[in-house]
Structure formats: structure tokens, C-alpha cells
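*Asks:* Letter by letter, the chains look like this.
There are 2 protein chains.
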Amino acid sequence: MTDPTAAALPDTPALLLDEARMQRNITRLARHADALGVALRPHLKTAKSIDVARRLTGGTPGPITVSTLAEAEVFFAAGHSDILYAVGIAPQKLPRVQALRDKGCDLVVILDNAAQARAVAEAAVPAMIEIDSDGHRGGLRPDDPALVEVGRILQAAQCLRGVMTHAGESYTVRGREAHADFAEQERKAAVTAAETLRAADLPCPVVSIGSTPTAHAARDLSGVTELRAGVYMFFDLVMAGIDVCSQDDIAMSVLTTVIGHQPAKGWTMIDAGWMALSRDRGTAAQEVDQGYGVVCDEDGRVLTDYIVASANQEHGIIALREGASQPPLDLPVGTRLRILPNHACATAAQHDRYHLLPQDGGAFDVWPRFNGW
Amino acid sequence: MTDPTAAALPDTPALLLDEARMQRNITRLARHADALGVALRPHLKTAKSIDVARRLTGGTPGPITVSTLAEAEVFFAAGHSDILYAVGIAPQKLPRVQALRDKGCDLVVILDNAAQARAVAEAAVPAMIEIDSDGHRGGLRPDDPALVEVGRILQAAQCLRGVMTHAGESYTVRGREAHADFAEQERKAAVTAAETLRAADLPCPVVSIGSTPTAHAARDLSGVTELRAGVYMFFDLVMAGIDVCSQDDIAMSVLTTVIGHQPAKGWTMIDAGWMALSRDRGTAAQEVDQGYGVVCDEDGRVLTDYIVASANQEHGIIALREGASQPPLDLPVGTRLRILPNHACATAAQHDRYHLLPQDGGAFDVWPRFNGW
Numbered sequence: 011m012t013d014p015t016a017a018a019l020p021d022t023p024a025l026l027l028d029e030a031r032m033q034r035n036i037t038r039l040a041r042h043a044d045a046l047g048v049a050l051r052p053h054l055k056t057a058k059s060i061d062v063a064r065r066l067t068g069g070t071p072g073p074i075t076v077s078t079l080a081e082a083e084v085f086f087a088a089g090h091s092d093i094l095y096a097v098g099i100a101p102q103k104l105p106r107v108q109a110l111r112d113k114g115c116d117l118v119v120i121l122d123n124a125a126q127a128r129a130v131a132e133a134a135v136p137a138m139i140e141i142d143s144d145g146h147r148g149g150l151r152p153d154d155p156a157l158v159e160v161g162r163i164l165q166a167a168q169c170l171r172g173v174m175t176h177a178g179e180s181y182t183v184r185g186r187e188a189h190a191d192f193a194e195q196e197r198k199a200a201v202t203a204a205e206t207l208r209a210a211d212l213p214c215p216v217v218s219i220g221s222t223p224t225a226h227a228a229r230d231l232s233g234v235t236e237l238r239a240g241v242y243m244f245f246d247l248v249m250a251g252i253d254v255c256s257q258d259d260i261a262m263s264v265l266t267t268v269i270g271h272q273p274a275k276g277w278t279m280i281d282a283g284w285m286a287l288s289r290d291r292g293t294a295a296q297e298v299d300q301g302y303g304v305v306c307d308e309d310g311r312v313l314t315d316y317i318v319a320s321a322n323q324e325h326g327i328i329a330l331r332e333g334a335s336q337p338p339l340d341l342p343v344g345t346r347l348r349i350l351p352n353h354a355c356a357t358a359a360q361h362d363r364y365h366l367l368p369q370d371g372g373a374f375d376v377w378p379r380f381n382g383w
Numbered sequence: 011m012t013d014p015t016a017a018a019l020p021d022t023p024a025l026l027l028d029e030a031r032m033q034r035n036i037t038r039l040a041r042h043a044d045a046l047g048v049a050l051r052p053h054l055k056t057a058k059s060i061d062v063a064r065r066l067t068g069g070t071p072g073p074i075t076v077s078t079l080a081e082a083e084v085f086f087a088a089g090h091s092d093i094l095y096a097v098g099i100a101p102q103k104l105p106r107v108q109a110l111r112d113k114g115c116d117l118v119v120i121l122d123n124a125a126q127a128r129a130v131a132e133a134a135v136p137a138m139i140e141i142d143s144d145g146h147r148g149g150l151r152p153d154d155p156a157l158v159e160v161g162r163i164l165q166a167a168q169c170l171r172g173v174m175t176h177a178g179e180s181y182t183v184r185g186r187e188a189h190a191d192f193a194e195q196e197r198k199a200a201v202t203a204a205e206t207l208r209a210a211d212l213p214c215p216v217v218s219i220g221s222t223p224t225a226h227a228a229r230d231l232s233g234v235t236e237l238r239a240g241v242y243m244f245f246d247l248v249m250a251g252i253d254v255c256s257q258d259d260i261a262m263s264v265l266t267t268v269i270g271h272q273p274a275k276g277w278t279m280i281d282a283g284w285m286a287l288s289r290d291r292g293t294a295a296q297e298v299d300q301g302y303g304v305v306c307d308e309d310g311r312v313l314t315d316y317i318v319a320s321a322n323q324e325h326g327i328i329a330l331r332e333g334a335s336q337p338p339l340d341l342p343v344g345t346r347l348r349i350l351p352n353h354a355c356a357t358a359a360q361h362d363r364y365h366l367l368p369q370d371g372g373a374f375d376v377w378p379r380f381n382g383w
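Residue numbers (the working numbering), protein chains in the order written: chain A, 11 to 383; chain B, 11 to 383.
Where hints are given, some of them may not hold.
Identical copies look the same in the list; a pair holds intra-copy or inter-copy alike.
Stated by the list, open to error - Derived DMTMM-like pairs (lysine to aspartate or glutamate); straight-line CA-CA distance at most 25 Å:
id	residue 1	residue 2
1	Lys275	Asp307
2	Lys275	Asp154
3	Lys198	Asp299
4	Lys275	Glu159
5	Lys198	Glu83
6	Lys198	Glu236
7	Lys113	Asp21
8	Lys275	Asp144
9	Lys113	Asp259
10	Lys275	Glu179
11	Lys198	Asp253
12	Lys275	Asp153
13	Lys113	Asp61
14	Lys198	Asp154
15	Lys275	Asp315
16	Lys275	Asp142
17	Lys198	Glu308
18	Lys113	Asp309
19	Lys275	Asp92
No lab work stands behind these hints, which were simulated from the structure alone.
Extracted from the complex, chain A is given alone in its bound form (with noise of 0.2 Å):
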């Protein structure tokens, strides 16, 4: 595929894109959702890229979640039709839900409360209750007995397609046998509501779980029709600092370049700074804390104990991790470096395209993206 606008190697700072990482990661989720016998409805809210979507299902745009109407908008007009979108729903939001439902998408959105649930109603618009499995955030709890109440509010406009929930603490925990466990977690929450709003002769058709870690380590999903995961397809360095993959599987990262040092600090001063590298520091909290991210060269490959130890807006330090003991990085001016990024959802925000690594040498083909609202 080539592009216009690729280039024999992109200005830094750059977000690149390993396409072949990116495919197997997004083969390894796949097969597992077969496995596991259910659905799969991706996430775009990290990707916001048309070409991405396109990988994800060989080529037809198949269902899809979303975190915006500008997402909705996007990947409707690139031929998606079936379409969740996954933030509890603000009433004046609904003509834009309207206009893309009047067109032929079928957009669905979510809700945990009744005065979403009337205006939604009105609107005649389908939706899902949001189910509360781990306090996470929004939600209602299996055994709240708004459950039934707003399900009947959707009911009586035929709007109620089922229930939903996403384990967002599954990424407070590290391992396989705990983001199983919070997978079972995900499936019981969501099957009790859809249990309890059958006995009170309501129709739940859809129950959707999801998250990457809980995705990843699903053993049995019985009862469960559709899972949703979103920052897979790319892996960062909070993934592997859980044990969802490891850094080798991490598709994305940002090309810098140095500009200098300070010799007696042991730093290394590099062009991407928060603005390239966003201000996420999800791995703070973690057992290992990557800084602003790992220092790769520029074939990616992991230069062992060197991080972006801070960021001002368009300057990056890299310095040795605390209590390693090698001698510090010494790389001339000029030198080009890739970042591995702590979570790819907030790097790839500051980015409005994907330079893609070169399969053959060539030059890097760039996939446009999206922000916005």
C-alpha cells in the first residue's frame, strides 16, 4: 500500500506503528474469542484509525465499541453499521445518536440511570444497561433494584437490548489467575442482571463484557453473547506490567531524537517530550515504574534499564532506571531512539496519524487518525 504522504523516515517526534505486531496481537484475541464462543466487538477508542479497523475482521467492518459520536460518525461512514457506543449517554447527545440511527447505523448506546433511561426512551434510540461488576466507576449493581425499574423504562419504547460492564480494576492486578478471576467477576455480574431482568419478563438478547486483561484470560463465558476489548491491538507498558503480553508484543511507539545531554547528570535530553509521549503514567503504580517509557533504538530493541525519567512538554530526559548500574546512555546529537509507551489509549491521542515500520526496507506508509469529540 503505498501513501502520498509517506516518507523515507518520518520528523520526529513520530508515533510509529508495527503492523505486524499489531496483526498477530490482533489474531491472538480472535482465536480466543472463538474459543471462547462469543462475539467479538473491538474497542476503537485507542485506535480512531479506518485502516485499523479494517485489520481487525479481514477486511469487513464487522460490530464495533466507541468512547465518542465523533468515533460513531467516522467508522459509520467507513462502512460500520453495528455499533456500541460505551459511555453512559447524555440526554442532549441524542439528536446526534438520531441522525446516525436515521441513516441506517445501528447505534446503541448505555445507561445506568432512569432519567437516562426516559430520555432515551423518548428518543426512541436502543440501549444497554451499564452493570457495575467491580466499583469501578459507572453501574448499576446485579442486585439493585433500579435494575428493573429502568429496564421496564426501556421496555415500554422497545428499547432495552440488554446489559454491559467492564472490569476497569482487572488492571489494578497482575497475572493470569487474577484478571481470570476478574473475568468470572464480569460474566456473573452481567448474567445476574440479565437473569434478573428476564424473571421480571424483560428481554436482555445482548450480554457484553469486556476489558483487555479480563479478554485476554476468559476461561468459560457461558451466558456471556459478546466481549469487548480496545488497547490490545497495540499492547503497552502497562499491559506487560500486568502480564497481558510482554514488551516484545508492544505495537506502538514514538521515533525521537537526541538533542543533548547533561553529562553530569546522566541524562539524555530527547525531542519527545509529554506533548509526543502524553502524561499518562499508568506504570507509576505498578511494580516496575517505567517513567515516561522504555528506551528502545531505533530498530526497537529494548535498551535495558533506560527510561524517560521526565518530560516537559516538548523535551524528554532519559537517565538510567533508579538503582541500575550501568553507565549512562552516551548516543550523539542526532541519534534516533523509539519510546515504548505506558499506555498507548493517551500516546496515540497526541498523534494525528500512524507512521507504519517498513516491512521491506521501503518507506513508512502513514494511516491517518482521529481525536475529537
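Following the hints, position chain B against chain A.
*Replies:* The following block gives chain B in isolation, referenced to the frame of chain A:
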């Protein structure tokens, strides 16, 4: 000024700008620079907006500072021809610098080492030498023997414009006295470096210092020719937290909508997460931690002690500040609120436009802004 994209009320989340406050902030620092007898070279890394740039100097494009070549290109196209690119130059970027210079832009770069100086001299691009006045990140100490060496390399190609420094550490202390001490430290470092160059028969016409805290607190800038500052146009909670401004001076906020509640936890859920607010937690290290931002009503009145306590990508969680004793917020779904940002540079970077608060109850005009490199 009427804009075709102006709206009665923008969809949320949206970046709001209070033009009257901004103009007051702009005037305040312009007057202070006048009183000190130095030129002001505003930094546009925060604003990234032609409309904001126009209001800095009463409509006539004046000298500016930028943090990316994309900014240099956009602002040159908008009429600014005296531009300092204040991030250490990577040799690979010199062709883009030369291309702007060839079109008539007096674009000047900064550097702090001999490798950069040789590349810059070969390209015949004028440069300022970055001086380290406080150990913050880059720059040569004023007594570093490399200063004269770098100066000689530049001067051999007639490329030496002067010296510049930035007291980034002034952000870590509170109050006018402490900032005035940092301003004097900036002044002394830059003037000492200039004198060292002159004593070696090297020219140093420009002596440039500045950061928002020091620019406002400086009392005497003898020997300094120009002052730089950026975030002062908007201010933010970090600046308010160190008494450079009050919360009433903050010109930027994020409009958001209530989408739900978790009554048992005292949480109010809003549709502004870190994607709209940024991941910046710059107040975390200050005396008062403002979480992801201070909550105001739709008209901008601060709701004392309510902060965005936590943020996911598109969800914010409002809670009472720790230790405060009011009842939880009790606002219906659909209520609009405004959030004051920790760090205006980081929050603005998450948005592609400013929505101007209507001065007369009319529509929200839109000023576009840009990102990227």
C-alpha cells in the same frame, strides 16, 4: 466576530475560553514587561492559535516563541516573521528551518553543544545558546568552558544571536518573593553568559529569559533584552497554586455534562475524562492537590471543594475533596459544569478548537487550534 461554526452551546466535552480574562492576563504581563524595559516574546506553545496570537500585540504580528516547527510554519504564514524555536535543535530539522528562512522568516534556533553548533553553522542558521540557570533540563552552565567554544563555532559562520534561559524550576516554589529570586537567578545566569561571550570577543546582542512565574515577579532585568512566557495568557490551577494568579484569572475551562451518579460513594459522573482534561496532575505535588481539576457551575462559579477526583478516557468522577465536609453534589443528569484545568498547555492540547464564551449571551464563536510537529 461571527463564525459559521459558532454554536448556541457546544457539545460536551468542549474547551471554553474566556476572552475577557485572557485579554486581562495579556495586558498585565505586557505592562510589566514595559515597566521593566524589556521586549516581550510570548510563547505560543500553549495557545497554538492564530486568533490568540493576534490578540497578544493589538493585531500586529510581533516577535514570538514556539516549541515546534509546525508552530513556526503556521505563525509565519499568519504574518509573524520574528520567531524563536525554543527547543534544542536536532540537526535533521535544519532543512525545514532553512526552508522557512528562505521565505523570509527570521527563525532562530537554540542549542547547548558543539555538535549542534557545527550543524547549525554549516546550515548558516542563526542560533541562541541555551543557558542552564537552575538545573531544570538542558543548557550550559554560565561558567562551562564549552560556552565560548560553542560561541566560536557559531560566530565563525556569523550565526551567534545571543543567549537564553528558562527557569523551569520556578514552578516548584510558591509566592512572589520566591519567583523574584528565580527571576534574578535567570537574569544573572544569562547576563553572566553574555558577558563571558563578550569577554571572548564574541557578540551577544540578545539576552533572553523567562517563565510565567519569573516574568511576573521580576523586579530588575538589567542586561536582559527580552522576556518569554506562555501559559500566562490562560493561567491554570498550577499557576494559581503557586500564587502567580488567582482562580478567577483562569481563562480556560472544559465544559462537561453530568451523565450519572454513584450515590453510595458520593460520586457524580461526567463526560469529561482525561481525553478532555489531559492526564496532567501538576497540582499533585502542590500544597492543594486539585485532582484532575476544580469543578465550577455552567457560569464558571467555583463549587468549593468539589474536584474531578479520578478520570478514565471519557469519564470523569467528581467527588468532594478529601477532608471536606459538604454533602455530595446532587445535580440531575444533563447538568452542565465547567472544569478548571491543572495545566493549560496539556488540556488545550487535547482539543482542536476554543469555544469563546459569549460576551453578550449570543453564540459561542470558535477559534481553531492545532497540534503536531
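*Asks:* All the hints need checking, so say for each whether the structure fits it.
*Replies:* Hints versus structure:
| no. | hint | in the structure |
| --- | --- | --- |
| 1 | Lys275 x Asp307 | within (21 Å within a copy, 46 Å between copies) |
| 2 | Lys275 x Asp154 | between (57 Å within a copy, 15 Å between copies) |
| 3 | Lys198 x Asp299 | neither (33 Å within a copy, 37 Å between copies) |
| 4 | Lys275 x Glu159 | between (62 Å within a copy, 21 Å between copies) |
| 5 | Lys198 x Glu83 | neither (33 Å within a copy, 56 Å between copies) |
| 6 | Lys198 x Glu236 | within (14 Å within a copy, 65 Å between copies) |
| 7 | Lys113 x Asp21 | between (40 Å within a copy, 21 Å between copies) |
| 8 | Lys275 x Asp144 | between (44 Å within a copy, 13 Å between copies) |
| 9 | Lys113 x Asp259 | neither (39 Å within a copy, 45 Å between copies) |
| 10 | Lys275 x Glu179 | between (38 Å within a copy, 16 Å between copies) |
| 11 | Lys198 x Asp253 | within (24 Å within a copy, 51 Å between copies) |
| 12 | Lys275 x Asp153 | between (57 Å within a copy, 17 Å between copies) |
| 13 | Lys113 x Asp61 | within (23 Å within a copy, 36 Å between copies) |
| 14 | Lys198 x Asp154 | within (15 Å within a copy, 66 Å between copies) |
| 15 | Lys275 x Asp315 | within (16 Å within a copy, 40 Å between copies) |
| 16 | Lys275 x Asp142 | between (48 Å within a copy, 13 Å between copies) |
| 17 | Lys198 x Glu308 | neither (45 Å within a copy, 40 Å between copies) |
| 18 | Lys113 x Asp309 | neither (45 Å within a copy, 36 Å between copies) |
| 19 | Lys275 x Asp92 | neither (54 Å within a copy, 34 Å between copies) |
Of the hints listed earlier, those the structure fails to meet are numbers 3, 5, 9, 17, 18 and 19, in rising order.
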